[in-house]
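Number of protein chains: 2
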Amino acid sequence: MRYELYYWPGIQGRGEFVRLALEAAGARYADVARHDGGEAAMIALMDGRRVVRPPYAPPFLRAGRLVIGQTANILLYLGPRLGLVPAGEAARLWAHQLQLTLADLVAEAHDTHHPIASGLYYEDQRRESKRAAGHFVAERIPKYLGYFERVLAVNPRGPQHLVGARLSYADLSLFQVVEGLTYAFPKAMARLARRHRKVLGVRDRVRDVPRVAAYLASPRRIAFNEDGIFRRYPALDL
Amino acid sequence: MRYELYYWPGIQGRGEFVRLALEAAGARYADVARHDGGEAAMIALMDGRRVVRPPYAPPFLRAGRLVIGQTANILLYLGPRLGLVPAGEAARLWAHQLQLTLADLVAEAHDTHHPIASGLYYEDQRRESKRAAGHFVAERIPKYLGYFERVLAVNPRGPQHLVGARLSYADLSLFQVVEGLTYAFPKAMARLARRHRKVLGVRDRVRDVPRVAAYLASPRRIAFNEDGIFRRYPALDL
Chain A
2 MRYELYYWPG IQGRGEFVRL ALEAAGARYA DVARHDGGEA AMIALMDGRR VVRPPYAPPF
62 LRAGRLVIGQ TANILLYLGP RLGLVPAGEA ARLWAHQLQL TLADLVAEAH DTHHPIASGL
122 YYEDQRRESK RAAGHFVAER IPKYLGYFER VLAVNPRGPQ HLVGARLSYA DLSLFQVVEG
182 LTYAFPKAMA RLARRHRKVL GVRDRVRDVP RVAAYLASPR RIAFNEDGIF RRYPALDL
Chain B
2 MRYELYYWPG IQGRGEFVRL ALEAAGARYA DVARHDGGEA AMIALMDGRR VVRPPYAPPF
62 LRAGRLVIGQ TANILLYLGP RLGLVPAGEA ARLWAHQLQL TLADLVAEAH DTHHPIASGL
122 YYEDQRRESK RAAGHFVAER IPKYLGYFER VLAVNPRGPQ HLVGARLSYA DLSLFQVVEG
182 LTYAFPKAMA RLARRHRKVL GVRDRVRDVP RVAAYLASPR RIAFNEDGIF RRYPALDL
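From first to last, the protein sequence lines stand for chains A and B. Quick note on the working numbering: the first sequence kicks off at 2 and runs consecutively. Quick note on the working numbering: the second sequence kicks off at 2 and runs consecutively.
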């Protein structure tokens, strides 16, 4: 199967969670909107009146005749096919549950620079952003990272992975979230590192997976930037 | 199977999406935290060091030896078992994708009264709430409802249901979201009704499902209130 990923071309965003899974598995895929005419094709697929199951927003994945939207749903579909989740319903529900919890954290990270409205610029909600980011850094990052630290600590197969004894898409997504938070909030994350060694261990291990390392060093990996979800605004790194 | 639902006892909240599915299917279940000692049992399950797959937050479902967290994940599990999703992977991914999109809308609805931090009171973020709600009502509700209107319009099996030709958990969740938005933003929703007749049609049809109607009339249905996700603050209904 050759997959087609549709996502905004200039940012990592939510598409990056899918890219990491495809890359870590060595899957064949096209990152459609990054090619000539691809962004128009993406928008046509979203808005077209003849699409029977239209996605609400990117990212979405085309796999044969299926068009699948929602990041976590795409990974639910890809996980077993890419060998990135253990067999069995219990493990798959668990990996998906962790992915949805990471998605909640990602949405909250986004809202630190867009607390009033995603349709406004950051510059139009700067004061509110500063207030929101203060709470996010003081309360939410520690709560979420503490949760994942605990998930790793109680994993019967050891603290190397979130699910079972092997790399899963949940590990890849935790890597991406930690990288994003570290980009956006370097001071805060430096303070938090000591208390979340198992989480940072997953980050390090994922970074060293040969296919992931090759991807991160390639031009296919878009750099973090201030159009994405994780933005480095020094005023918000409290 | 007798299910155990764990959720905060005083609000509909995210637990309501699970309650509606269990009720519509006539499933046997206990709403654990609403019984004596149940809330303590819920918190023990969440915080206990011996729980191998701890949920991050309620709601979660106990089904035999499984403990499943994240609302959409619970419905992913329950859907086939309760006859609330068609057979086949494509239909199940689609129902789940719609559920995740509804979950995004629910999170945004919550954030209209908590734009700065969920850990603060509404009273501490009133001014920001008014600004956020203005954008939510003007831009986000129409965008989401327009999307679901279109999903109904392009359903090859007709506009009576979101997925296929029968009631699914996605219909139940759309009902709940429309009811919640109508409770929180009655003026705005009255304006929007005319343009979203298919969405309101689903709301009406779900309300008339005999088991749902019986549930809504029972003491098991908690009334909307200002501790929940959908809150009626007249200052925010613009």
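If you are wondering where the hints come from, they were derived from the structure by calculation, not from laboratory data. Errors might be hidden in some of the hints.
Since the list gives no way to pick out one identical chain from another, each pair is judged satisfied if it fits inside one copy or across any two copies.
Heads up, simulated SDA-like pairs for lysine to any residue below, C-alpha to C-alpha not over 25 Å straight-line [to be verified]:
| hint | residue 1 | residue 2 |
| --- | --- | --- |
| 1 | 144 | 58 |
| 2 | 131 | 212 |
| 3 | 131 | 109 |
| 4 | 131 | 119 |
| 5 | 199 | 211 |
| 6 | 188 | 211 |
| 7 | 131 | 67 |
| 8 | 144 | 54 |
| 9 | 199 | 228 |
| 10 | 188 | 239 |
| 11 | 144 | 125 |
| 12 | 131 | 141 |
Nothing here was measured: the structure is a model prediction, and the numbers come from that model.
Comparing the hints with the structure gives:
1. 144 <-> 58: between (28 Å within a copy, 11 Å between copies)
2. 131 <-> 212: Neither way: residue 131 and residue 212 sit 38 Å apart in one copy and 47 Å across, limit 25 Å.
3. 131 <-> 109: both (14 Å within a copy, 19 Å between copies)
4. 131 <-> 119: Close inside one copy (16 Å) and across copies (15 Å); limit 25 Å.
5. 199 <-> 211: within (20 Å within a copy, 50 Å between copies)
6. 188 <-> 211: For residue 188 and residue 211, the Cα distance exceeds 25 Å both inside one copy (29 Å) and across copies (56 Å).
7. 131 <-> 67: The answer is neither: 42 Å in one copy and 41 Å across copies each exceed 25 Å.
8. 144 <-> 54: Answer is between: at 17 Å across copies they meet the 25 Å cutoff, but 36 Å inside does not.
9. 199 <-> 228: neither (30 Å within a copy, 36 Å between copies)
10. 188 <-> 239: within (7 Å within a copy, 39 Å between copies)
11. 144 <-> 125: Classified as between; 21 Å across copies, 29 Å inside a copy.
12. 131 <-> 141: both (15 Å within a copy, 23 Å between copies)
Taken one by one, the earlier hints fail for this structure at numbers 2, 6, 7, 9, listed in ascending order.
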